[in-house]
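*Asks:* Okay, here's what each chain looks like letter by letter:
There are 2 protein chains.
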Amino acid sequence: MLKFDEKEQIASVRGALALRPRIEEIVDAVWDAGLKNLCWLGIGGTWASAMQAVCHMKERTSLEVFSLNAAEYLTTGDRRIGNGTLLVFSSVTGTTSEIVQAVAKAQAAGAKVLGFVDTAGTTLAEKADICICYPKNEQLKFFMAADRFLFREGVMPEYEAMYAQFDRSLPEALAGVEKSADTFGAAFAEKHMNDALHYFVGAGALYGSTYSYAMCYCEEMHWMRTKSIHAAEFFHGMLEIVDEDTPVTVFMGEDRQRPLTERVVRFLEKVNRNHTVIDSRDYALPGIDDAYRYSVSHLVTHAVTNRIDAHLEALSGHDMEIRRYYRKVEY
Amino acid sequence: MLKFDEKEQIASVRGALALRPRIEEIVDAVWDAGLKNLCWLGIGGTWASAMQAVCHMKERTSLEVFSLNAAEYLTTGDRRIGNGTLLVFSSVTGTTSEIVQAVAKAQAAGAKVLGFVDTAGTTLAEKADICICYPKNEQLKFFMAADRFLFREGVMPEYEAMYAQFDRSLPEALAGVEKSADTFGAAFAEKHMNDALHYFVGAGALYGSTYSYAMCYCEEMHWMRTKSIHAAEFFHGMLEIVDEDTPVTVFMGEDRQRPLTERVVRFLEKVNRNHTVIDSRDYALPGIDDAYRYSVSHLVTHAVTNRIDAHLEALSGHDMEIRRYYRKVEY
Numbered sequence: 001m002l003k004f005d006e007k008e009q010i011a012s013v014r015g016a017l018a019l020r021p022r023i024e025e026i027v028d029a030v031w032d033a034g035l036k037n038l039c040w041l042g043i044g045g046t047w048a049s050a051m052q053a054v055c056h057m058k059e060r061t062s063l064e065v066f067s068l069n070a071a072e073y074l075t076t077g078d079r080r081i082g083n084g085t086l087l088v089f090s091s092v093t094g095t096t097s098e099i100v101q102a103v104a105k106a107q108a109a110g111a112k113v114l115g116f117v118d119t120a121g122t123t124l125a126e127k128a129d130i131c132i133c134y135p136k137n138e139q140l141k142f143f144m145a146a147d148r149f150l151f152r153e154g155v156m157p158e159y160e161a162m163y164a165q166f167d168r169s170l171p172e173a174l175a176g177v178e179k180s181a182d183t184f185g186a187a188f189a190e191k192h193m194n195d196a197l198h199y200f201v202g203a204g205a206l207y208g209s210t211y212s213y214a215m216c217y218c219e220e221m222h223w224m225r226t227k228s229i230h231a232a233e234f235f236h237g238m239l240e241i242v243d244e245d246t247p248v249t250v251f252m253g254e255d256r257q258r259p260l261t262e263r264v265v266r267f268l269e270k271v272n273r274n275h276t277v278i279d280s281r282d283y284a285l286p287g288i289d290d291a292y293r294y295s296v297s298h299l300v301t302h303a304v305t306n307r308i309d310a311h312l313e314a315l316s317g318h319d320m321e322i323r324r325y326y327r328k329v330e331y
Numbered sequence: 001m002l003k004f005d006e007k008e009q010i011a012s013v014r015g016a017l018a019l020r021p022r023i024e025e026i027v028d029a030v031w032d033a034g035l036k037n038l039c040w041l042g043i044g045g046t047w048a049s050a051m052q053a054v055c056h057m058k059e060r061t062s063l064e065v066f067s068l069n070a071a072e073y074l075t076t077g078d079r080r081i082g083n084g085t086l087l088v089f090s091s092v093t094g095t096t097s098e099i100v101q102a103v104a105k106a107q108a109a110g111a112k113v114l115g116f117v118d119t120a121g122t123t124l125a126e127k128a129d130i131c132i133c134y135p136k137n138e139q140l141k142f143f144m145a146a147d148r149f150l151f152r153e154g155v156m157p158e159y160e161a162m163y164a165q166f167d168r169s170l171p172e173a174l175a176g177v178e179k180s181a182d183t184f185g186a187a188f189a190e191k192h193m194n195d196a197l198h199y200f201v202g203a204g205a206l207y208g209s210t211y212s213y214a215m216c217y218c219e220e221m222h223w224m225r226t227k228s229i230h231a232a233e234f235f236h237g238m239l240e241i242v243d244e245d246t247p248v249t250v251f252m253g254e255d256r257q258r259p260l261t262e263r264v265v266r267f268l269e270k271v272n273r274n275h276t277v278i279d280s281r282d283y284a285l286p287g288i289d290d291a292y293r294y295s296v297s298h299l300v301t302h303a304v305t306n307r308i309d310a311h312l313e314a315l316s317g318h319d320m321e322i323r324r325y326y327r328k329v330e331y
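Protein sequence lines correspond, in order, to chains A and B.
Just so you know, the numbering used here puts 51 at position 51 of the first sequence, and the rest follows in order with no gaps.
Just so you know, the numbering used here puts 230 at position 230 of the second sequence, and the rest follows in order with no gaps.
The reader is advised that the hints may include incorrect statements.
[To be verified] In the DSS-like style, the derived pairs of lysine-lysine whose C-alpha atoms are separated by at most 27 Å in a straight line are:
{"no.": "1", "chain 1": "B", "residue 1": "Lys136", "chain 2": "B", "residue 2": "Lys112"}
{"no.": "2", "chain 1": "B", "residue 1": "Lys127", "chain 2": "A", "residue 2": "Lys112"}
{"no.": "3", "chain 1": "A", "residue 1": "Lys36", "chain 2": "B", "residue 2": "Lys270"}
{"no.": "4", "chain 1": "B", "residue 1": "Lys3", "chain 2": "A", "residue 2": "Lys270"}
{"no.": "5", "chain 1": "A", "residue 1": "Lys3", "chain 2": "A", "residue 2": "Lys127"}
{"no.": "6", "chain 1": "B", "residue 1": "Lys127", "chain 2": "B", "residue 2": "Lys3"}
{"no.": "7", "chain 1": "B", "residue 1": "Lys3", "chain 2": "B", "residue 2": "Lys136"}
{"no.": "8", "chain 1": "A", "residue 1": "Lys270", "chain 2": "A", "residue 2": "Lys191"}
{"no.": "9", "chain 1": "B", "residue 1": "Lys112", "chain 2": "B", "residue 2": "Lys127"}
{"no.": "10", "chain 1": "A", "residue 1": "Lys105", "chain 2": "A", "residue 2": "Lys36"}
{"no.": "11", "chain 1": "B", "residue 1": "Lys270", "chain 2": "A", "residue 2": "Lys328"}
{"no.": "12", "chain 1": "A", "residue 1": "Lys7", "chain 2": "A", "residue 2": "Lys136"}
{"no.": "13", "chain 1": "B", "residue 1": "Lys136", "chain 2": "B", "residue 2": "Lys105"}
{"no.": "14", "chain 1": "B", "residue 1": "Lys136", "chain 2": "A", "residue 2": "Lys36"}
{"no.": "15", "chain 1": "A", "residue 1": "Lys105", "chain 2": "A", "residue 2": "Lys127"}
Bear in mind the hints are in silico, worked out from the structure with no lab data behind them.
Kindly produce the complete structure, drawing on both the sequences and the hints.
*Replies:* Encoded structure:
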């Protein structure tokens, strides 16, 4: 299989899960000290992850929880951020300029900052009040922190049982998804690599990953034109430009917003012959109860898009690491 | 001028401004009774307006203020909504199914609901706890309510002076914008009516109108393919697919997020020859101080897009009232 080292990948997810005792210690200390609100800060792909964490928490929490785009915070500001705020961010490079500035601004306003940074020693790893340095697995790191808050709030009684299953089975289960999605990924890449415009639709905690896949993978890494739309919004405009040939992919997860994507699929079945459904439910997760799958649906569909990416890159010959402008052109 | 009845339009805006004493009475009663949070509910175009109101308020408020997508609320829920919540919505038809259900759900949770409905006697006009029935001017109605809250919170000391100017001069000023933008609108429509994909970028309180123009006007009414992107996010993916010929329109307003769009324009000037800037600053608003223009920038750019719409419709022969699917096909 292209770009797939099973052992390495399993070890990566296992290592992320092993961060949980440290995350619990941090969240518990914040919770016990008293929390006014919880802000998930990001930009681009990390903003997408922030939206995912917020959507996931909103199913249960009464806390004031919100996502915040770093560049918007730097301009418009946000007076909710101050003493009693925990601000959480993630960064791969540890140097994204908007995040560096936003963290400083939030700290000056009195917020405490928890950073998940891939690389130790970088600016953001040093600036965060509390930092966990571990590569990749951004959503998993966010969701572990989010779920610990839900547990402490008393609205996630299954926390221990669920994470016991994740610890035991999630790494292998996700690797298994990649293996079983490889043929599909190759076929999808071949069929859609030259689409003039591809639409992606998602909802719930998968909306963030839909937005991110369209923008941070297809646009930024493959230079493919895409548009992402929330399934809730699809029927309030976008539907009118769908014809028989329009390429549309719907990401379906297993959280409470699943019916919104089902509605889109029903519509597409009537009017379109060029849509694809990537449904987490189609993939087995051995060792994980059905009741817990909603928490990891976005990791399942991400495992599927990993296979699309590997084949797109191989077929197009376009290296996903190349950027035309980002961090190259001044603006 | 096509589709432009100056007298009627001036009367429409003047009538909306005349709702202010009633809005003040409503907001003051809510404020005096004590408010836990303020939720702007919407879907599609009205969700876009909700995002605008929230962004506008966030420049100053410490209140918990948030926008909520009705379909997301119906599935994921939102435990912040309850006693002490004022939920504000707008509806043209008064029958949008997601809003009807979301209003009932919020009321059951204890929220008080203020509706701006175009037509009296419709379902939503009857369901709202408090309803103001007056056609069109959705953003203006929302901003009048938002600004009254800011005034009562003590963070908008210029409220009276600013609205005195709006009352006196805004109706004629906006009509003047339409007249001076007509030649531009015709040229834009002619140049871009056959674009395979047109990108729209905006920020601040104009992001909602950018999203809405791309989706509710271009897609829904003109059946043109578009993508909208927040200027803050433009540099985290979308920039990579911009080449010399890519059609991009940037909406620029005068609120604190203006620098985010200026950055996009600087980038486009380097790599692209097919972009358009629609800048509220280019249009005179006689009788309105520069300091107040940020509050109505989105109305200025909307006046400009009105002219594009009129010419697009005339050139394409595609009646903006026609829908292929919405409220016609079951899904």
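*Asks:* Quick one, are lysine 136(B) and lysine 105(B) close enough, alpha carbons at most 27 Å?
*Replies:* Given that 27 Å is the threshold and the Cα spacing comes to 26 Å, the pair holds.
*Asks:* Below or equal to 27 Å on CA atoms is what counts here, so check lysine 136(B) against lysine 36(A).
*Replies:* violated (39 Å)
*Asks:* Taken at face value, is the distance from the CA of lysine 127(A) to the CA of lysine 105(A) at most 27 Å?
*Replies:* holds (11 Å)
*Asks:* Starting from lysine 112(B), check that the Cα of lysine 127(B) is at most 27 Å away, please.
*Replies:* Given pair lysine 112(B), lysine 127(B) holds - Cα atoms ~11 Å apart, limit 27 Å.
*Asks:* Sort out whether lysine 328(A) lies within 27 Å of lysine 270(B), counting only the CA atoms.
*Replies:* holds (13 Å)
*Asks:* So if I understand the rule, the pair passes when the alpha-carbon distance is 27 Å or less; does lysine 127(B) with lysine 112(A) pass?
*Replies:* This hinted pair is violated, its Cα atoms lying about 43 Å apart.
*Asks:* Measure nothing beyond the straight line between the CA atoms of lysine 127(B) and lysine 3(B); if it is 27 Å or shorter, mark the hint as holding.
*Replies:* The hint is violated at about 34 Å.
*Asks:* Can the restraint linking lysine 105(A) and lysine 36(A) be considered satisfied, given a maximum Cα separation of 27 Å?
*Replies:* Within the cut-off at roughly 18 Å; holds.
*Asks:* Given the hint that lysine 36(A) pairs with lysine 270(B), test it: the Cα-Cα distance must not exceed 27 Å.
*Replies:* With a Cα-Cα distance of about 44 Å, the restraint between lysine 36(A) and lysine 270(B) is violated, given a limit of 27 Å.
*Asks:* Tell me if the straight-line CA distance from lysine 7(A) to lysine 136(A) falls inside 27 Å.
*Replies:* Holds, at roughly 15 Å.
*Asks:* Regarding the pair lysine 3(B) and lysine 270(A), is the alpha-carbon distance no greater than 27 Å?
*Replies:* With Cα atoms ~35 Å apart, lysine 3(B) and lysine 270(A) exceed 27 Å; violated.
*Asks:* Holds or violated: lysine 270(A) and lysine 191(A), Cα atoms, limit 27 Å.
*Replies:* holds (21 Å)
When the structure is compared with the earlier hints, violations turn up for hints 2, 3, 4, 5, 6 and 14 and for no others.
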